[in-house]
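Going down the list, the protein sequences come from chains A and B.
The first sequence begins at 14 in the working numbering and counts up by one.
The second sequence begins at 538 in the working numbering and counts up by one.
Some hints could be false.
[Stated by the list, open to error] Okay, derived cross-link-like pairs now, SDA-like style, lysine to any residue, Cα gap no bigger than 25 Å in a straight line:
id : chain 1 : residue 1 : chain 2 : residue 2
1  : A       : K196      : B       : D556
2  : B       : K715      : A       : S50
3  : A       : K196      : B       : E557
4  : A       : K196      : B       : P546
5  : A       : K196      : B       : R600
6  : B       : K715      : A       : L69
7  : A       : K196      : B       : G599
8  : B       : K715      : A       : H44
9  : A       : K196      : B       : G555
10 : A       : K196      : B       : K715
11 : B       : K715      : B       : D624
12 : A       : K196      : B       : L699
13 : B       : K715      : A       : A49
The set of hints was computed from the structure by calculation and includes no laboratory data.
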Amino acid sequence: MTDSSEHIVDELAAYALGALETGEHARVDEHVATCASCASRLAEYRRLAGALPLALAPITPPSDLWDAIRSEARQRRPRVRMRSAIGTRWLRVAPWVAAAAVAAWLVTWNVRLQSELAQYAQGPQVEKLARRPARLVILSGAAQSQASARIFAAVDGQSGHMAISGLPRLAAERVYQLWFLPKAGPPLTAATFTVDVDGRAWVVIKVPADLDDTRSLIVTEEAAPGNRAPTGPSLLEAREWR
Amino acid sequence: MSIEPVADPELLGRMRLGDESALEALYVRYGGLVYTLARRIVGDPELAREVVQDTFLRSWDGRDTYDPERGRVPWWLMGIARNRAIDLLRSRSHQARLRERAAPPPEISTTHARDPADTVVARRTVLDALRELSDGQRRAIELAYYGGLTQTEIANELGEPLGTIKSRTREAMERLRKVLGPLIQSAGGRTS
Numbered sequence: 014m015t016d017s018s019e020h021i022v023d024e025l026a027a028y029a030l031g032a033l034e035t036g037e038h039a040r041v042d043e044h045v046a047t048c049a050s051c052a053s054r055l056a057e058y059r060r061l062a063g064a065l066p067l068a069l070a071p072i073t074p075p076s077d078l079w080d081a082i083r084s085e086a087r088q089r090r091p092r093v094r095m096r097s098a099i100g101t102r103w104l105r106v107a108p109w110v111a112a113a114a115v116a117a118w119l120v121t122w123n124v125r126l127q128s129e130l131a132q133y134a135q136g137p138q139v140e141k142l143a144r145r146p147a148r149l150v151i152l153s154g155a156a157q158s159q160a161s162a163r164i165f166a167a168v169d170g171q172s173g174h175m176a177i178s179g180l181p182r183l184a185a186e187r188v189y190q191l192w193f194l195p196k197a198g199p200p201l202t203a204a205t206f207t208v209d210v211d212g213r214a215w216v217v218i219k220v221p222a223d224l225d226d227t228r229s230l231i232v233t234e235e236a237a238p239g240n241r242a243p244t245g246p247s248l249l250e251a252r253e254w255r
Numbered sequence: 538m539s540i541e542p543v544a545d546p547e548l549l550g551r552m553r554l555g556d557e558s559a560l561e562a563l564y565v566r567y568g569g570l571v572y573t574l575a576r577r578i579v580g581d582p583e584l585a586r587e588v589v590q591d592t593f594l595r596s597w598d599g600r601d602t603y604d605p606e607r608g609r610v611p612w613w614l615m616g617i618a619r620n621r622a623i624d625l626l627r628s629r630s631h632q633a634r635l636r637e638r639a640a641p642p643p644e645i646s647t648t649h650a651r652d653p654a655d656t657v658v659a660r661r662t663v664l665d666a667l668r669e670l671s672d673g674q675r676r677a678i679e680l681a682y683y684g685g686l687t688q689t690e691i692a693n694e695l696g697e698p699l700g701t702i703k704s705r706t707r708e709a710m711e712r713l714r715k716v717l718g719p720l721i722q723s724a725g726g727r728t729s
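Next up, chain B with everything else stripped away, as it sits in the complex (with noise of 0.2 Å):
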């Protein structure tokens, strides 16, 4: 690792212009988290290959374009992850998709060989403010992230009615912004 690591905005500038080794650079520091959310929405460990290679593909040709104001890079990276395996998922054969409802929750995270020092930070701080929030609003949340569930679909599964689906979310993401703000609001994208 160099003493100054090359910062991930300045990596994605240089993907830009054709630069392998930039792509290369932000793969080994983040390729490893891509594929981990991949195969935890699903399953497969094929399909979760598929999911990476979209992902850092479309970073690399510009389909997907990098927008300060959804935070840090790597979670730019996930949310384009997330999106297309959750596509992947809507289009597997239902008796599939049940199998990936039925996904464990996540388990305590130990440190990554390749995590950067601050994303070794990030993960125990993001660890910390799940485990704050009630096995309710943890399931809701991760049913909808994970699971690519509609709120609707969610209350149907746990057989709750649509507005305590509703609360229960909106209240776990206010719990998580109050835990977390400091951490998403030094992303070095604006908060307002």
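Bound conformation, chain A alone (with noise of 0.2 Å):
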């Protein structure tokens, strides 16, 4: 850190622990947001302050705390819960087509709509040539609006494909990676890619349940090679089919 007389490490100690001037926040923020040195003292700080409690005697809570806790919870769904009735509706009313498929057939499907998508990464085309043995999903831009992506799930139910365009690059150590969030148990990963220049990818994915038993897909950010569960927020979510 350079000399820390041309900075203002008296409000960032401040800042941290709550007891900046009304008034001062404006002048700080301003100065992190172009201090490169600043701002990381002040994300140290935060960490200080947020470990200070530790050093209390513990106090245990109520007994019945956590019941309280749990029943309000059951009113307040998280956001992708919330929006599990939505995947789940979609799910239902994707016009499958129902033929019967043999490999074979499959991989010339596969062939084809790769090579196909390589100029219609998305639009009617793709949605016309999914009109196969096949399921489409189509998930959209939760966190990333202009983003989207189709995924193609062959009937043998194991096996899929996914087009993708609109997200951004990720940095060296940062994957995308796709989730199948059953209807019930864990989350399962279906695929971890990067994106081209143009924020494209085409991915051959893993279906690791019955979409018939999915109530929805979600695309997260994680630390490379991938993580067990999600813990970035939703990119791409499944939507209702159109």
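Two chains, two frames, some hints: make the complex.
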């Protein structure tokens, strides 16, 4: 760190402890936005402040407090779960093409799909292509509004393909991860991937669960090579069929 | 306790998907810490209960999202709790607030039966670090963090010049940073 007298260390300490005077926050925010040294120091001070309560003599919470929290939590479902009903309806009403399929045919389909998707990463042409013995799932941007993805899951129920567009490129140690969220049980990972300079990717995915048993699909950003459960925000989610 | 406990960020990921058992696991781990902090700030058990409930529900329904940059998950939870508690404190009468200011300083901590092993170690480390501060430094930090006072208010409370309070606070945080640096940098969050 450079000479601290050039910076605002007094204010950083007060800021992290919540003791800054009213009206000073904007000045500190403005400074740390352009001063990496002070931004780093403020982050350290905030972590220190968060650790301070460890020094307090522990007090056991009331025995019925968890029951109260659980009861209230059931009234306030997390965002992804709230959307699960939409995802389920979506999965049910998608225009599945019921047809017998053989493995050789699927290979042909996959090759053609891959080839044509290189030209048409999204749009009606891709959906037309998907009128095959397979199921189509569209994911749209949750946290990434410009992003979208289409998943084509073969009727063998085990393999699939995903075309993605509109996601930003990631740092080397980060990956995107596709998750199947079953109606019961832990989340299942289907693929990890990165995108090209145009924000696009073509990914062969493993379909780890029957779509009928899946309440939603999401894409998150995770630390490479991927995590056992989602830790990042949901960037793409299955949405209702149009 | 399982042989390989689930990491805190994974619990948060499961919570985001609606896994109630993950919320319960997080509460079992840190409910005591959050309640202790809430009691220290607001004093009243019913208000402390309200703070704990709101803290865990905010982490559950996504109103507050975890940022690894802020350090370990329990410290993030305590940040939420501290802000909620201070909000409550500020909404109470001036008389009640004065009573909270007179709250006794932290006692010597003992091991909590539910504390994870790494929390026990962290607890001891933080306690030792605070003991190395001067009384004035420690008091300035406590009035800010637990009392919700601004530096001007702290100066008035202690009858000291504002500049003294500012430098005392900064020196205390710098000293803590040096002593607790390894602890906060092993938090799974980047430091720069």
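Status of each hint after checking the structure:
1. A:K196 with B:D556: holds (11 Å)
2. B:K715 with A:S50: Satisfied, since the Cα-Cα distance of roughly 16 Å is no more than 25 Å.
3. A:K196 with B:E557: Holds, at roughly 14 Å.
4. A:K196 with B:P546: Answer holds: K196 (chain A) to P546 (chain B) is near 22 Å, not above 25 Å.
5. A:K196 with B:R600: Since the Cα atoms of K196 (chain A) and R600 (chain B) sit roughly 24 Å apart, the hinted pair holds (cutoff 25 Å).
6. B:K715 with A:L69: Measuring from Cα to Cα gives roughly 21 Å; hence the hint holds.
7. A:K196 with B:G599: holds (20 Å)
8. B:K715 with A:H44: Roughly 23 Å between the alpha carbons, so the hint for K715 (chain B) and H44 (chain A) holds.
9. A:K196 with B:G555: With a Cα-Cα distance of about 11 Å, the restraint between K196 (chain A) and G555 (chain B) holds, given a limit of 25 Å.
10. A:K196 with B:K715: This hinted pair is violated, its Cα atoms lying about 48 Å apart.
11. B:K715 with B:D624: violated (31 Å)
12. A:K196 with B:L699: With Cα atoms ~58 Å apart, K196 (chain A) and L699 (chain B) exceed 25 Å; violated.
13. B:K715 with A:A49: holds (19 Å)
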